[in-house]
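Under our numbering, the first residue of the sequence shown is numbered 250, with each subsequent residue one higher.
Keep in mind that the hints were calculated from the coordinates and are not lab data. Heads up, a few of these hints could be off.
[Claimed, not checked] Below, simulated BS3-like cross-link-like pairs (lysine-lysine); rule was C-alpha separation at most 25 angstroms, straight line:
hint	residue 1	residue 2
1	Lys360	Lys340
2	Lys426	Lys309
3	Lys427	Lys355
4	Lys417	Lys473
5	Lys411	Lys465
6	Lys465	Lys268
7	Lys321	Lys309
8	Lys424	Lys465
9	Lys411	Lys385
10	Lys360	Lys385
11	Lys309	Lys268
12	Lys417	Lys405
13	Lys465	Lys426
14	Lys417	Lys465
15	Lys355	Lys340
16	Lys607	Lys572
17	Lys275	Lys473
18	Lys465	Lys385
19	Lys385	Lys405
20	Lys375	Lys385
21	Lys607	Lys309
22	Lys405	Lys424
[Said to hold, decoys possible] What follows is a list of derived Cβ distance ranges for each label pair:
hint	residue 1	residue 2	range
23	Met449	Leu394	26 to 36 angstroms
24	Ser623	Asp563	33 to 43 angstroms
25	Phe274	Glu372	21 to 31 angstroms
26	Gln651	Leu600	37 to 47 angstroms
27	Lys465	Arg613	56 to 66 angstroms
28	His585	Gln400	30 to 40 angstroms
29	Glu467	Ile365	35 to 45 angstroms
30	Arg460	Leu600	26 to 36 angstroms
31	Lys411	Asp446	35 to 45 angstroms
32	Arg613	Gln651	12 to 22 angstroms
33	Arg330	Gln401	40 to 50 angstroms
The beta-carbon is built from N, C-alpha and C at its ideal position, and this holds for glycine as well.
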Amino acid sequence: MQNNQDTLLQVQHLCQYFKTGGSEFKAVDDVSFDIRRGEVFGLVGESGCGKTTTGRSIIKLYDITSGNIIFKGIRIGAGTRSYDNRIREAKADYNARIANASGEEKARLQKELNGIIAQQREEIRKARYDQDNCDKEYAEERTALVRAEYQQALQKADSAQKAALQAKYRAALHKAKKTRLVTQIQMIFQDPIASLDPRMTVREIIAEGLRIQGEKDEQVIDEKVYHVLEMVGLVREHAGRYPHEFSGGQRQRIGIARAVVMNPELIIADEPVSALDVSIQAQVINLLNELREKLGLTILFIAHDLSVVKYFSDRIGVMYYGKMVELASSDELFAHPLHPYTVSLLSAIPLPDPAFEKQRRRIRYDPLAAHDYSQDPPTLREVSPGHFVSCNNDEFKRYRSQLGQV
Numbered sequence: 250m251q252n253n254q255d256t257l258l259q260v261q262h263l264c265q266y267f268k269t270g271g272s273e274f275k276a277v278d279d280v281s282f283d284i285r286r287g288e289v290f291g292l293v294g295e296s297g298c299g300k301t302t303t304g305r306s307i308i309k310l311y312d313i314t315s316g317n318i319i320f321k322g323i324r325i326g327a328g329t330r331s332y333d334n335r336i337r338e339a340k341a342d343y344n345a346r347i348a349n350a351s352g353e354e355k356a357r358l359q360k361e362l363n364g365i366i367a368q369q370r371e372e373i374r375k376a377r378y379d380q381d382n383c384d385k386e387y388a389e390e391r392t393a394l395v396r397a398e399y400q401q402a403l404q405k406a407d408s409a410q411k412a413a414l415q416a417k418y419r420a421a422l423h424k425a426k427k428t429r430l431v432t433q434i435q436m437i438f439q440d441p442i443a444s445l446d447p448r449m450t451v452r453e454i455i456a457e458g459l460r461i462q463g464e465k466d467e468q469v470i471d472e473k474v475y476h477v478l479e480m481v482g483l484v485r486e487h488a489g490r491y492p493h494e495f496s497g498g499q500r501q502r503i504g505i506a507r508a509v510v511m512n513p514e515l516i517i518a519d520e521p522v523s524a525l526d527v528s529i530q531a532q533v534i535n536l537l538n539e540l541r542e543k544l545g546l547t548i549l550f551i552a553h554d555l556s557v558v559k560y561f562s563d564r565i566g567v568m569y570y571g572k573m574v575e576l577a578s579s580d581e582l583f584a585h586p587l588h589p590y591t592v593s594l595l596s597a598i599p600l601p602d603p604a605f606e607k608q609r610r611r612i613r614y615d616p617l618a619a620h621d622y623s624q625d626p627p628t629l630r631e632v633s634p635g636h637f638v639s640c641n642n643d644e645f646k647r648y649r650s651q652l653g654q655v
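Sequences and hints are given; from them, build the entire structure.
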């Protein structure tokens with residue numbers, strides 16, 4: 250995966266497990282991808298494959314089990330399971346090797362084990378520190394920048410300007426202390442009515458994030474609320490109404506306004522059109538497209554409707570049972586699907602052509618029949634530039650051959 254200045258978000262070996270009685274459910278298992286600034290990254294798959302859990306893990310609604318989530322070069326989420334497993338494996342290996350070892354060999358193995366344990370415990374400490382303190386450190390950094398900026402402005406200002414500058418500086422400093430890195434990631438939820446508080450007016454819903462961020466000026470809050478309402482296709486009069494007074498499409502616009510008013514850099518859109526009529530779906534998708542171009546937003550678009558994802562996304566990741574099975578640009582994925590599950594998904598897309606629909610053959614995916622991973626397990630590999638597929642060695646050679654790669 251790419252790792253450069255244009256990369257806004259990196260998800261590295263993300264695992265999100267949940268306890269279910271005496272067992273553990275692997276909702277997301279070793280998923281990795283990156284999202285570049287200004288792009289729309291589509292995440293698709295059938296219901297229950299882990300798409301929404303991935304989005305909620307990124308926005309820190311869950312503490313991740315293992316892996317790293319890096320936003321703007323700062324680690325905002327870190328799991329410790331992989332480090333604990335490494336310690337457990339090292340101890341098991343030590344116990345297996347020490348049985349027939351000499352005294353000198355035992356001392357060397359013990360020293361080696363202690364080194365591994367110390368290293369992994371240090372990684373655990375760093376992971377917990379980064380996850381707990383990323384927002385605090387970001388606020389301190391923003392506060393220092395505001396102080397430096399206004400100190401320079403005060404030096405250049407005359408006595409008449411200083412009083413106004415100092416008041417503006419105090420307000421900006423208060424907001425900088427309240428700022429959090431994770432608030433630059435906002436989420437649009439799948440069910441618009443369930444995600445809006447029925448006891449709050451539209452104005453209160455949209456302004457809530459601004460207040461939490463430290464904004465106290467009611468006039469500024471009103472201006473931002475009215476501006477963002479008009480931006481999403483609503484009017485000022487809607488600010489005094491309650492969510493139940495709106496249609497599904499209008500409620501989703503309110504959810505979009507609530508996210509956009511925070512001026513985020515990344516929006517996670519969790520199936521934002523699946524609960525809407527087809528005609529309203531097009532309106533919401535077009536709205537997101539307009540906001541993306543106007544505000545320079547980066548979007549993680551979660552959906553199971555591949556036709557919508559193709560229209561809206563620059564790159565697409567396909568998930569199956571908690572794992573990423575294929576990742577490529579939108580055009581490449583639809584032109585050259587390689588993983589059998591991706592082929593199956595694409596075969597299910599209906600087209601408004603009766604003649605084609607009569608001949609369309611639905612391809613079913615049976616993982617036991619499609620793969621033999623008993624000896625050689627799969628990993629996510631780059632079969633051509635920018636095109637990643639989960640495959641073993643034999644499949645890798647076959648996929649490259651299909652694409653005409655040497």
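Hint-by-hint comparison with the structure:
As the CA atoms of Lys360 and Lys340 are separated by approximately 12 angstroms, the hinted pair is consistent with the 25 angstroms bound. About 20 angstroms separates the Cα atoms of Lys426 and Lys309, which keeps this hinted pair within 25 angstroms; it holds. This hinted pair does not check out: Lys427 and Lys355 have alpha carbons roughly 54 angstroms apart, beyond 25 angstroms. Distance check on the hinted pair: Lys417 and Lys473 sit about 18 angstroms apart at the alpha-carbon level, within 25 angstroms; holds.
Under the criterion of a C-alpha separation no larger than 25 angstroms, the hint pairing Lys411 with Lys465 is consistent with the structure, at around 21 angstroms. For the suggested pair Lys465 and Lys268, the alpha carbons sit about 42 angstroms apart, so the restraint of at most 25 angstroms is broken. Taking the CA atoms of Lys321 and Lys309, the gap is near 15 angstroms; set against the 25 angstroms cutoff, the hint holds. At most 25 angstroms may separate the alpha-carbon atoms for a hinted pair to count; Lys424 and Lys465 meet this at roughly 9 angstroms.
This hinted pair does not check out: Lys411 and Lys385 have alpha carbons roughly 30 angstroms apart, beyond 25 angstroms. In summary, the hint linking Lys360 to Lys385 is not supported, as the alpha carbons are separated by about 37 angstroms, beyond the 25 angstroms threshold. For the hint pairing Lys309 with Lys268, the CA-to-CA distance comes to about 18 angstroms; that is within 25 angstroms, so the pair holds. A C-alpha spacing of about 15 angstroms is found between Lys417 and Lys405, which places the hinted pair at or below 25 angstroms, so the restraint holds.
In summary, the hint linking Lys465 to Lys426 is supported, as the alpha carbons are separated by about 14 angstroms, within the 25 angstroms threshold. A distance of roughly 12 angstroms separates the Cα atoms of Lys417 and Lys465; the hinted pair therefore holds under the 25 angstroms criterion. A C-alpha spacing of about 13 angstroms is found between Lys355 and Lys340, which places the hinted pair at or below 25 angstroms, so the restraint holds. The straight-line distance between the Cα atoms of Lys607 and Lys572 is roughly 33 angstroms, outside the 25 angstroms bound, and the hint therefore fails.
Only pairs whose Cα atoms come within 25 angstroms are accepted, and Lys275 paired with Lys473 is rejected, the gap being roughly 41 angstroms. Proposed proximity of Lys465 and Lys385 is supported: the alpha carbons are some 21 angstroms apart, at most 25 angstroms. Taken as a hint, the Lys385 and Lys405 pair is broken in the structure, with Cα atoms around 31 angstroms apart against an allowance of 25 angstroms. Only pairs whose Cα atoms come within 25 angstroms are accepted, and Lys375 paired with Lys385 is accepted, the gap being roughly 15 angstroms.
Among the hinted pairs, Lys607 with Lys309 is inconsistent with the structure: their alpha-carbon atoms are about 46 angstroms apart, more than 25 angstroms. For a cut-off of 25 angstroms, the pair hint linking Lys405 to Lys424 stands: about 23 angstroms separates their Cα positions. For the hinted restraint 26 to 36 angstroms between Met449 and Leu394, the CB-CB distance of approximately 33 angstroms keeps it satisfied. The hinted window of 33 to 43 angstroms between Ser623 and Asp563 holds, with their beta carbons roughly 37 angstroms apart.
Separation of Phe274 from Glu372 is about 26 angstroms and conforms to the stated range, judged on CB atoms against 21 to 31 angstroms. For Gln651 and Leu600, the hinted distance range of 37 to 47 angstroms is not satisfied, since their beta carbons lie about 24 angstroms from each other. For the hinted restraint 56 to 66 angstroms between Lys465 and Arg613, the CB-CB distance of approximately 59 angstroms keeps it satisfied. Checked against the given bound of 30 to 40 angstroms, the beta carbons of His585 and Gln400, roughly 57 angstroms apart, lie outside it.
Separated by about 58 angstroms at the C-beta atoms, Glu467 and Ile365 break the suggested range of 35 to 45 angstroms. Taken as a hint, the range 26 to 36 angstroms is violated for the pair Arg460 and Leu600, whose Cβ atoms sit roughly 48 angstroms apart. At about 42 angstroms, the beta-carbon gap between Lys411 and Asp446 stays in the expected band of 35 to 45 angstroms. For the pair Arg613 and Gln651, the beta carbons lie near 20 angstroms from each other, so the given range of 12 to 22 angstroms is met.
Between Arg330 and Gln401 the CB atoms are about 47 angstroms apart, so this pair conforms to the stated range of 40 to 50 angstroms.
Violation of the numbered hints given earlier is confined to hints 3, 6, 9, 10, 16, 17, 19, 21, 26, 28, 29 and 30; the remaining hints are satisfied by the structure.
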